[in-house]
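Residue numbers (the numbering used here), protein chains in the order written: chain A, 72 to 576; chain B, 72 to 576.
Derived by calculation from the structure, the hints in this document are not laboratory data. Do not take every clue at face value.
The list makes no distinction among identical chains, and a pair is therefore deemed to hold if it is satisfied within one copy or across any two copies.
BS3-like, lysine-lysine: derived pairs with alpha carbons at most 27 Å apart [as the list claims (entries may be wrong)]:
{"id": "1", "residue 1": "K116", "residue 2": "K316"}
{"id": "2", "residue 1": "K116", "residue 2": "K79"}
{"id": "3", "residue 1": "K479", "residue 2": "K211"}
{"id": "4", "residue 1": "K513", "residue 2": "K80"}
{"id": "5", "residue 1": "K424", "residue 2": "K523"}
Computed from a prediction, not measured in an experiment: that's the story for all the values here.
Number of protein chains: 2
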Amino acid sequence: MSPEEVLKKIENLHATDLLPQSPENWEDSRNFLQQVVEILYDYIKEENNRESKILDFHQPEEMKKLLDLSIPEKPMNLGELLKSCSEVLRYSVKTGHPRFFNQISCGLDLVSMAGEWLTATANTNMFTYEISPVFILMEKEVVSKMVELIGWAPDQGDAIFTPGGAIANLYAVNAARHFHYPRVKPLGMSTVPTLCTFTSEDSHYSIKSAAAVCGIGTDHCFNIPTDNVGRMIPEALEEKIVQCKREGLHPFFVSATAGTTVYGAFDPLPKIADICERHKIWFHVDAAWGGGLLLSPEYRHKLSGLERANSVTWNPHKLLGALLQCSACFIRHDGLLFQTNQMSADYLFQQDKPYDVSYDTGDKAMQCGRHNDIFKFWLMWRSKGMEGYRQQINRLMHLTAYFTDRIKRTEGYEVLIEKPEYLNICFWYYPPSIRHLEEKEKNARLEKIAPKIKAKMMERGTTMVGYQPDKQKPNFFRMIISNQAITYADLDFLIDEIIEIGKDL
Amino acid sequence: MSPEEVLKKIENLHATDLLPQSPENWEDSRNFLQQVVEILYDYIKEENNRESKILDFHQPEEMKKLLDLSIPEKPMNLGELLKSCSEVLRYSVKTGHPRFFNQISCGLDLVSMAGEWLTATANTNMFTYEISPVFILMEKEVVSKMVELIGWAPDQGDAIFTPGGAIANLYAVNAARHFHYPRVKPLGMSTVPTLCTFTSEDSHYSIKSAAAVCGIGTDHCFNIPTDNVGRMIPEALEEKIVQCKREGLHPFFVSATAGTTVYGAFDPLPKIADICERHKIWFHVDAAWGGGLLLSPEYRHKLSGLERANSVTWNPHKLLGALLQCSACFIRHDGLLFQTNQMSADYLFQQDKPYDVSYDTGDKAMQCGRHNDIFKFWLMWRSKGMEGYRQQINRLMHLTAYFTDRIKRTEGYEVLIEKPEYLNICFWYYPPSIRHLEEKEKNARLEKIAPKIKAKMMERGTTMVGYQPDKQKPNFFRMIISNQAITYADLDFLIDEIIEIGKDL
Numbered sequence: 072m073s074p075e076e077v078l079k080k081i082e083n084l085h086a087t088d089l090l091p092q093s094p095e096n097w098e099d100s101r102n103f104l105q106q107v108v109e110i111l112y113d114y115i116k117e118e119n120n121r122e123s124k125i126l127d128f129h130q131p132e133e134m135k136k137l138l139d140l141s142i143p144e145k146p147m148n149l150g151e152l153l154k155s156c157s158e159v160l161r162y163s164v165k166t167g168h169p170r171f172f173n174q175i176s177c178g179l180d181l182v183s184m185a186g187e188w189l190t191a192t193a194n195t196n197m198f199t200y201e202i203s204p205v206f207i208l209m210e211k212e213v214v215s216k217m218v219e220l221i222g223w224a225p226d227q228g229d230a231i232f233t234p235g236g237a238i239a240n241l242y243a244v245n246a247a248r249h250f251h252y253p254r255v256k257p258l259g260m261s262t263v264p265t266l267c268t269f270t271s272e273d274s275h276y277s278i279k280s281a282a283a284v285c286g287i288g289t290d291h292c293f294n295i296p297t298d299n300v301g302r303m304i305p306e307a308l309e310e311k312i313v314q315c316k317r318e319g320l321h322p323f324f325v326s327a328t329a330g331t332t333v334y335g336a337f338d339p340l341p342k343i344a345d346i347c348e349r350h351k352i353w354f355h356v357d358a359a360w361g362g363g364l365l366l367s368p369e370y371r372h373k374l375s376g377l378e379r380a381n382s383v384t385w386n387p388h389k390l391l392g393a394l395l396q397c398s399a400c401f402i403r404h405d406g407l408l409f410q411t412n413q414m415s416a417d418y419l420f421q422q423d424k425p426y427d428v429s430y431d432t433g434d435k436a437m438q439c440g441r442h443n444d445i446f447k448f449w450l451m452w453r454s455k456g457m458e459g460y461r462q463q464i465n466r467l468m469h470l471t472a473y474f475t476d477r478i479k480r481t482e483g484y485e486v487l488i489e490k491p492e493y494l495n496i497c498f499w500y501y502p503p504s505i506r507h508l509e510e511k512e513k514n515a516r517l518e519k520i521a522p523k524i525k526a527k528m529m530e531r532g533t534t535m536v537g538y539q540p541d542k543q544k545p546n547f548f549r550m551i552i553s554n555q556a557i558t559y560a561d562l563d564f565l566i567d568e569i570i571e572i573g574k575d576l
Numbered sequence: 072m073s074p075e076e077v078l079k080k081i082e083n084l085h086a087t088d089l090l091p092q093s094p095e096n097w098e099d100s101r102n103f104l105q106q107v108v109e110i111l112y113d114y115i116k117e118e119n120n121r122e123s124k125i126l127d128f129h130q131p132e133e134m135k136k137l138l139d140l141s142i143p144e145k146p147m148n149l150g151e152l153l154k155s156c157s158e159v160l161r162y163s164v165k166t167g168h169p170r171f172f173n174q175i176s177c178g179l180d181l182v183s184m185a186g187e188w189l190t191a192t193a194n195t196n197m198f199t200y201e202i203s204p205v206f207i208l209m210e211k212e213v214v215s216k217m218v219e220l221i222g223w224a225p226d227q228g229d230a231i232f233t234p235g236g237a238i239a240n241l242y243a244v245n246a247a248r249h250f251h252y253p254r255v256k257p258l259g260m261s262t263v264p265t266l267c268t269f270t271s272e273d274s275h276y277s278i279k280s281a282a283a284v285c286g287i288g289t290d291h292c293f294n295i296p297t298d299n300v301g302r303m304i305p306e307a308l309e310e311k312i313v314q315c316k317r318e319g320l321h322p323f324f325v326s327a328t329a330g331t332t333v334y335g336a337f338d339p340l341p342k343i344a345d346i347c348e349r350h351k352i353w354f355h356v357d358a359a360w361g362g363g364l365l366l367s368p369e370y371r372h373k374l375s376g377l378e379r380a381n382s383v384t385w386n387p388h389k390l391l392g393a394l395l396q397c398s399a400c401f402i403r404h405d406g407l408l409f410q411t412n413q414m415s416a417d418y419l420f421q422q423d424k425p426y427d428v429s430y431d432t433g434d435k436a437m438q439c440g441r442h443n444d445i446f447k448f449w450l451m452w453r454s455k456g457m458e459g460y461r462q463q464i465n466r467l468m469h470l471t472a473y474f475t476d477r478i479k480r481t482e483g484y485e486v487l488i489e490k491p492e493y494l495n496i497c498f499w500y501y502p503p504s505i506r507h508l509e510e511k512e513k514n515a516r517l518e519k520i521a522p523k524i525k526a527k528m529m530e531r532g533t534t535m536v537g538y539q540p541d542k543q544k545p546n547f548f549r550m551i552i553s554n555q556a557i558t559y560a561d562l563d564f565l566i567d568e569i570i571e572i573g574k575d576l
C-alpha cells in the first residue's frame, strides 16, 4: 500500500481495532502511532523555526468555538483522533520556541522528551522495587549524585522525587515538623505550642501554602525583608526569630531561597545557617530554580552553605531542562522521610517479599502512586554528562550578561537590578510617549505599559516574556534565559520587538 | 543511505548535534527519535505477546551489576543512549502485559499512550490559560462531564487534576477544614478545637496520611469497622461520631470509599450521607478506584448516593485505564478550591492580563507547576466514547464473575468473599501438601503460601498477582481485573499457573 492508502485505511478504524483489544493487529497499531509521531515531528520542527508563531492567541470564549472538545457518545475513529491531535497542537503555546522567555521552565530537550515517551510506554508506578526495579535503582543513583553535588557526605541524606517544587517544599515542612515534634503525627497540632516558619518576602508562595496545609497558619509564616537585590536580610531574620520566641511562638523552620522566582536572588546561606544553628531551627533551602548551578564549577559558589541545609528542594525541570514534572526534596536525616510519611499499610507494602524491601519507596512518600519522573532526567543527564551541563549553564550565564549589558545601553530600557545574580533580568521599558513625563505621572503610566506590550506580543505571537509588579514598583518585565535554544540574536530580537511594539503606545 | 548507514551515522552523534542546539539538523534529530520509537514499538509488541515474560527478575544487588546507571563525566553518544533505552526496558516489569494482575492501575491503552507522547512534546504547565489555553479548556470540559456523571447540578462543583489519589484526598481534607474552620488557614490549628476525621478500616491509608500532614493527627482519624464484605458499618460510624463529640473532639470529615483497595467494597453512601447531614460533617467519597463504574449504566447504582458528597476523589488512571498519573479531586462548593489554596501570588498570577483570568487554575492548586494529565485521558475517552467505556467496563465485570465462579469450583481455591462487588477477587490457594492438615497448622502454613507462590511467579516471569494479609486473615491473593487486554483464557492461565507452582510446595 502507498502511504496515502495506509492513512486512508487506518483513518476509518477505531481504538478497538488496535492492540490490546485486537491483539493480532500490530500493523495498524503501528501505523496509527506512527501517524501521531509524524504530527509531533512536524510540531517540533515548527517550534524550532524562529519564523513560526509562538502562539495563535484567542480569548477563551472564542477558543471554545474553534475547538470541539466534547466527549462523544460513540467512539471517534482514528482519523478524527489524529485531527484532534493536530488541532490541539495548532492552538497550543510553543513553550520550547527559542523566543519563549515567559517561564522558568521552558525549552524542549529532545533527549528528555524521548525519555518521557519511553516512560509513558513503560507506564509504571514508583512505589515498589517489585514493579519498578530499574527506575527505583535509577532514582537512587541520581539522588546520590545530586546529594554529592549538594555537598552532603556520601550515603548521607535521602530524597524523593515529587510532583513539583511546591509539594517538595510541603514534604520539607512536614519532615521538619516531625523531626522537632514527632507527636504531631499521631496527635495533631493541639499537643504542641504555636509553631512558626520564616522565609523571605521574595520567596515562592509554596512555603506559605505549606504552612496553611500543615495547620501552622499563613500568619505564622513570617516574611523576612530582602535587600535591594532581593536577598533575605539575615539580621532581620534573627530579629524576627527572637521576637517570635519572646511572644511565645516556637520557630522551627527557615526556608532560604537559592534563586528567587522574580529576581533570581540567592539568600546568604552561610549566615542563615549560622542563625538556624544558634536557634536550633531546621534549615531548608528552596533551590528549585537555583539548584542547577551546582553543575557549574564556575558558579556553584553562589550556593555555598547549601551543604549545611537540613533539607533542599531542587527541580531538574527548571535550569536543567528536564520535561515537566521533575522535582525532588532532599532530607539530610536518614530515615526521616520514612518516619514522617510511613502509614504502615501492610496491605500495599508487604514486608515478606522475596527481596530487600528497603528499596521500596511507597512508605516514604506522601503519595501512593508516584509518576516516574526519573528516566527522562537520567537519560538527558547521560546525553550531556557533567561536562555538557557545565557548558550549557555557563553559556546561559554569558547570554544573561550580554542581555543585561545590551538593555542598559538601549534607550527606553531600565534594569531593576544592576548586576543580576542569575538568569532573571528584570527591567522596565519606557515607550517614547512617556519618557519625558514627570516622575509621578510616568510611573502611573508605566504600570500599564508591560501588560499592554505583553498583550500585543501575544497577539503578534512573536515572543513571550512575563511581567509583574513588586511591592511599590510598577509592573516590570522579568526575562528568563534558561532555554538552551536561545541565541544572542534571539535576545536582540526581543529588545527590538519591545521597541517596535512600544512605538505606538 | 540505507537504514544501517543512517543508524551508524547517528550512533556516533551527540545530543549537541540535534535540535535545538544544532537548529538546522532536523534530519538526524528525526532519525534519533525514530530509533527510540522503534525500540518502543518492539516493547509494545512484546508486551502484548502472551508468551513473553512479564519480568526478568533480579535481586537489587544483582540488578545493579547488570546495568550501568552512572552519570558520566563526558556526554554519551546517541548510540549509547539508545542502548540505555533498550536495556532499561529489558529489565522493566511489563505492566501492560495481559497477565499482569498485580495492580489496580495497569494495562497500556495505545491511544492514551499516544496522548502522553503528545503531552511530553507540548511540555507545558497547567497553571494559566496564557500558556495552556487548550489544555485548560479541555480540563474544564472533562470536569463538567465527570461532574454530570457524579450527579451534581450542571456548573456546580469544581475540580482539579492532582498527582495521584492520595494528594486528591489531601485536597479534600484541606478544603473541608477550610469550609468549616476558615481561620485555620491564616492562624493554624491552635485556634480550633481538636478536630477528627473518620474512614473505614478498609479505606486507603492516604486519609490517615492527610490527617498527619494537616496536623490533625493519625490518632484523630478513626477507623470505622467494616462488615463481612468490607463495607463501612454506618451504625458504627454514627456511634463513633457521637462518642467523639462526647469526649470533646470536633468531627468534621467522613471519607467513605467506593471501591476499596483490597476487597473492592462500596461503602453504603446514602446511609453515610444521612449521618453526615445529621451531624453537619463534610461527606467525602474516595472513589479513586470505583468512580469509573459511573460510566456503566448497568453498574453505576453501586455509587448511588455519590451525588450527595461534598467532595469526591476519582482516578481515571485506575478503572478507566488512563496512563499514570491521572487523578482528580471534585469539590461541590464553587470557589472553595480557590479560597482554600489561593496565596495571592500576584507575581505569578497577574490580575491585569488580556483575558478573563478566572480561567487560570494556579490559585486553586496546592502545587504551582502542574503536569498536564488531561490530554491523554481526553483523547482516550474520545476514542471510546461513552459507549465504548460502557462495553469495556461491563466486560470486565463479566470476566470477574467468570473468574470467581471458576476458582470456586476448582480444588484448593477458596474465595474470601462469595460474591465480589467489583473487580477485586480475594482468594487463598491451599497446595495439596497442606489441604489435609488440621485448621491451626493449616493456617500457619497458609500464611507463607502466597509469598512463596508470588516469588516463584516472579522468577518464572509468567504472571503477577498481589497478596496481603488482613487483620487475622493469613496472606491471600488479591486479583485485579482492570486491564482491557485480559481474556477468559488469561484467567484460566493464572488458575493453572498457581496450581502448577503449588504442586511442589
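Right, here's what the structure says about each hint:
| no. | hint | in the structure |
| --- | --- | --- |
| 1 | K116 with K316 | neither (59 Å within a copy, 64 Å between copies) |
| 2 | K116 with K79 | both (25 Å within a copy, 23 Å between copies) |
| 3 | K479 with K211 | neither (45 Å within a copy, 44 Å between copies) |
| 4 | K513 with K80 | neither (64 Å within a copy, 59 Å between copies) |
| 5 | K424 with K523 | between (61 Å within a copy, 9 Å between copies) |
In this structure, the earlier hints numbered 1, 3 and 4 are contradicted, and the remaining ones agree with it.
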